[in-house]
Amino acid sequence: MTNHHRTYFAFLMMTILLIAVGILQSWNVAFNILNLCVISAIMALGVNMQWGYAGLVNFGIMGFVAIGGLAGVVISMPPVTEAWQAGGVKLMLGFATMLAVIAIAIVFWKRTRGWKHLARRRYVIMAIILISGYAVFRYIADAAVVSIEAVDPAKTGYLGGLGLPILLSWIVGAIAAGLVAMLIGRIALGLRSDYLAIATLGISEIIIYILKNEDWLARGVKNVNGLPRPVPYEIDLQKEAWVNTLADGMGFSVVNASSLIVKIAYLSLFLAVLLVLFLMAEKALKSPWGRMMRAIRDNEVAAEAMGKDVKRRHLQIFIIGSAVLGLAGAMLTTLDGQFTPPSYQPLRFTFLIWVMVIVGGSGNNYGAIIGGFIIWFFWIEAEPIGLWLMDLLTSGMSEDSALRDHLLKSAAHTRLMTMGIIMMLVLRFSPKGLIPEAKR
Amino acid sequence: MTDVINAFVLIANFILVPGLTYGSQLGLGALGVTMIYSVLRFSNFAHGEMMSFGAMVTILMTWWMQAQGFSFGPLPTALFALPVSIIATIGLTLTSDRLVFRYYREIKAPPVTLLIVSMGLMFFLGGLIRFIIGPNDQQFFDGERFILKARDFKAMTGLSEGLAIKSTQGITVVLALLMVSFVFWFLTYTRTGKSMRAYSNNEDLALLSGINPDRVVMVTWIITAVLITLAGTLYGLDKSYKPYTYLSLLLPIFASAIVGGIGSPVGAILGGFVIAFAELFITFAYKRVLGYLLPEQLEPSGLMQLLTTDYKIALSFVILVLVLIIKPTGIAGGKTL
Chain A
1 MTNHHRTYFA FLMMTILLIA VGILQSWNVA FNILNLCVIS AIMALGVNMQ WGYAGLVNFG
61 IMGFVAIGGL AGVVISMPPV TEAWQAGGVK LMLGFATMLA VIAIAIVFWK RTRGWKHLAR
121 RRYVIMAIIL ISGYAVFRYI ADAAVVSIEA VDPAKTGYLG GLGLPILLSW IVGAIAAGLV
181 AMLIGRIALG LRSDYLAIAT LGISEIIIYI LKNEDWLARG VKNVNGLPRP VPYEIDLQKE
241 AWVNTLADGM GFSVVNASSL IVKIAYLSLF LAVLLVLFLM AEKALKSPWG RMMRAIRDNE
301 VAAEAMGKDV KRRHLQIFII GSAVLGLAGA MLTTLDGQFT PPSYQPLRFT FLIWVMVIVG
361 GSGNNYGAII GGFIIWFFWI EAEPIGLWLM DLLTSGMSED SALRDHLLKS AAHTRLMTMG
421 IIMMLVLRFS PKGLIPEAKR
Chain B
441 MTDVINAFVL IANFILVPGL TYGSQLGLGA LGVTMIYSVL RFSNFAHGEM MSFGAMVTIL
501 MTWWMQAQGF SFGPLPTALF ALPVSIIATI GLTLTSDRLV FRYYREIKAP PVTLLIVSMG
561 LMFFLGGLIR FIIGPNDQQF FDGERFILKA RDFKAMTGLS EGLAIKSTQG ITVVLALLMV
621 SFVFWFLTYT RTGKSMRAYS NNEDLALLSG INPDRVVMVT WIITAVLITL AGTLYGLDKS
681 YKPYTYLSLL LPIFASAIVG GIGSPVGAIL GGFVIAFAEL FITFAYKRVL GYLLPEQLEP
741 SGLMQLLTTD YKIALSFVIL VLVLIIKPTG IAGGKTL
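Protein chains in written order, with our numbering: chain A, 1 to 440; chain B, 441 to 777.
Next comes chain A alone, as it looks inside the complex (with noise of 0.2 Å):
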């Protein structure tokens, strides 16, 4: 089979279970996971722009989903004004020092160097004005997240947001997710690949730690509910008229329609940018560009030896592929309604997109995606399928049978065994995945 082939029939295999699931389920849960399955297909598509082209072992997605998630905070939530005015204007004066502080380190150890009757006292000065900075900094900052903290902690006790349209959250994103990345990528990139997986993993923790434990910036672990949407409310749909006809004329009830119709609207968004980024990546990946990126990937040294700035490509790619993570993140923010800290754990959103690449064939745009909705769909199915088997299986044993109650009550966690058995397969017997990368 051409690769051609294998890609048309992987969708139609797709296509045909997310059909199966319409029917033997509901077509409520086939248009979740469908939506799961394109958002999957992002961030699978930003993975691979850095392992698949370049090469870069990036283990810190969730870190880069999680930064997107806040922006669709930060962007559609009102701004809770009595915070402001209790702590919000003394904590911004906070960050202000630190960052003055900063800039005063920087300027003195660039200044100074080779000062040489300052000797050792240069990293003394060094250490209090930075230590000193950050007393000054909690001093100001810890009163002020206390008040902002204190205003009416069940319902805000934080910020707020700005009040903008969540749909411009998706581009400022994967704009703070990739200036992030700007500074993570400056910091880590040097490193060889495994540093750098164990780098971003523990950078992405990191992230996750201040997202759950600052709550003036986004309430924390008592998450942020109730973000606004950019499709309309199933309530409104349902006392509309066209509504009611067409649940009439397809044999569902109204409920049942209008939340079809809402997760039908936000397919075709995420579809939309599904496709832009695809063409967008498929045109990068045949360009000059890509090419130079391939090179690099598959011998470092002989494209710097041919003058290619490798670092800077390296950086480049790095940031690309973790504004396309932060894009993504903020789209499962804005379909979710909800920005729940605790729920970014590296096993959902750094490990199983890293199978969905590796499945589907690293390289090659067309495998992340087929890799994308693949594993999101059989994370999600693995349940009721194993649960099925296990059933089935366990079906001659007497009911009151210990093993058999400990098996179906086990069944859910199949899946995870499911996923290691998978990647493992391919690793082994089809490393290049579903889709091999295109022979150029």
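Please keep in mind that the hints were generated in silico from the structure rather than gathered at the bench. Hints are supplied without guarantee of correctness; some may be wrong.
What the simulated footprint calls covered on chain B by chain A, stretch by stretch (three residues with Cβ under 8 Å from a Cβ of chain A suffice, anywhere in the stretch; the number is not a length) [claimed, not checked]: (1) 509–517; (2) 544–556; (3) 561–567; (4) 634–642; (5) 685–699; (6) 763–771.
Label pairs and their in silico Cβ distance ranges [what the hints assert, rightly or not]: (7) B/749 to A/109: 30 to 38 Å; (8) B/545 to A/168: 17 to 25 Å; (9) B/641 to A/8: 49 to 57 Å; (10) A/168 to B/644: 41 to 49 Å; (11) A/439 to B/626: 46 to 54 Å; (12) A/342 to B/653: 43 to 51 Å; (13) B/638 to A/393: 44 to 52 Å; (14) A/4 to B/553: 23 to 31 Å; (15) A/213 to B/553: 32 to 40 Å; (16) B/749 to A/128: 23 to 31 Å.
Note that the coordinates shown come from a computational prediction; the quantities given were computed from them, not determined experimentally. The C-beta atom is built at its ideal place from N, Cα and C for all residues, glycine as well.
Since the structure of chain A is provided, determine the placement of chain B on it from the hints.
Only chain B this time, still in chain A's reference frame:
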């Protein structure tokens, strides 16, 4: 004078004893990571789940022994279940090497491929463990809870601060000490240990000198399995056993190995303690210590905490990132990746 002693006891109780325990647990884990890294040349992301597996077998065995009515007085039953779980974990590591890792060694795959493969194994083991024992908290500690109770200590010394040592803390430190000395003795003095170091230093030269690579790899996995089981069981015994915690333990363990210098056994132990003590020293509230040491007028009103305890675990990642940026070879000067 009593004030100074009180301040010291306070620090000992809240920093030294927990730090020694946590440091030993991290050190045992990091030693395993470092052994795999230096002989097999990859970062094993399945390490945390392997620890979880070892602990799980210990728990199952402990439950079985408890059901049979075995009791070892003040000592926890889990200690006597260890031999079985060590054998089971050796079985696990050797099987996963045979079925998963060996192929990539033979085709000389780059380390990053092995890293991704180990991620697949991590998924599989995580699922297997949850399938067998479920995702919930499991208690399996029995026996005497304390070696030294805070109240007894106060009565003994007449100080106002108490010092408590849990028996799990004592057991952890003693077992870790024994195991680490054994590993060092093995690496330094036995023929196999020497061939392992030779293989790690220069693979080609080692092969030329007639060292059997399969044997080296096998022994490495066996020793690592013992380290893994001990680290997993001791952590579960001291804190509590929950499959998810072992995934989040992976990063502090990598941090320990890297901070110490990956590939260096001494560094792994050192790194474990650096991470453990840094976490505790930075997140400890010094208010009461300063209360003892400073004259009354100067007594601080705040908690005198550098960072809140919420950031305890995040700190190990910060240290990890700082070390990676400033000195990627670590404290003890391991290999550069």
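So, going through the hints one by one against the coordinates:
no.	hint	result
1	509–517	violated (count 0)
2	544–556	holds (count 6)
3	561–567	holds (count 7)
4	634–642	violated (count 0)
5	685–699	holds (count 5)
6	763–771	holds (count 3)
7	B/749 to A/109: 30 to 38 Å	32 Å, holds
8	B/545 to A/168: 17 to 25 Å	51 Å, violated
9	B/641 to A/8: 49 to 57 Å	52 Å, holds
10	A/168 to B/644: 41 to 49 Å	58 Å, violated
11	A/439 to B/626: 46 to 54 Å	49 Å, holds
12	A/342 to B/653: 43 to 51 Å	45 Å, holds
13	B/638 to A/393: 44 to 52 Å	50 Å, holds
14	A/4 to B/553: 23 to 31 Å	27 Å, holds
15	A/213 to B/553: 32 to 40 Å	36 Å, holds
16	B/749 to A/128: 23 to 31 Å	27 Å, holds
Checked against the numbered hints listed earlier, the structure breaks hints 1, 4, 8, 10; every other hint is satisfied.
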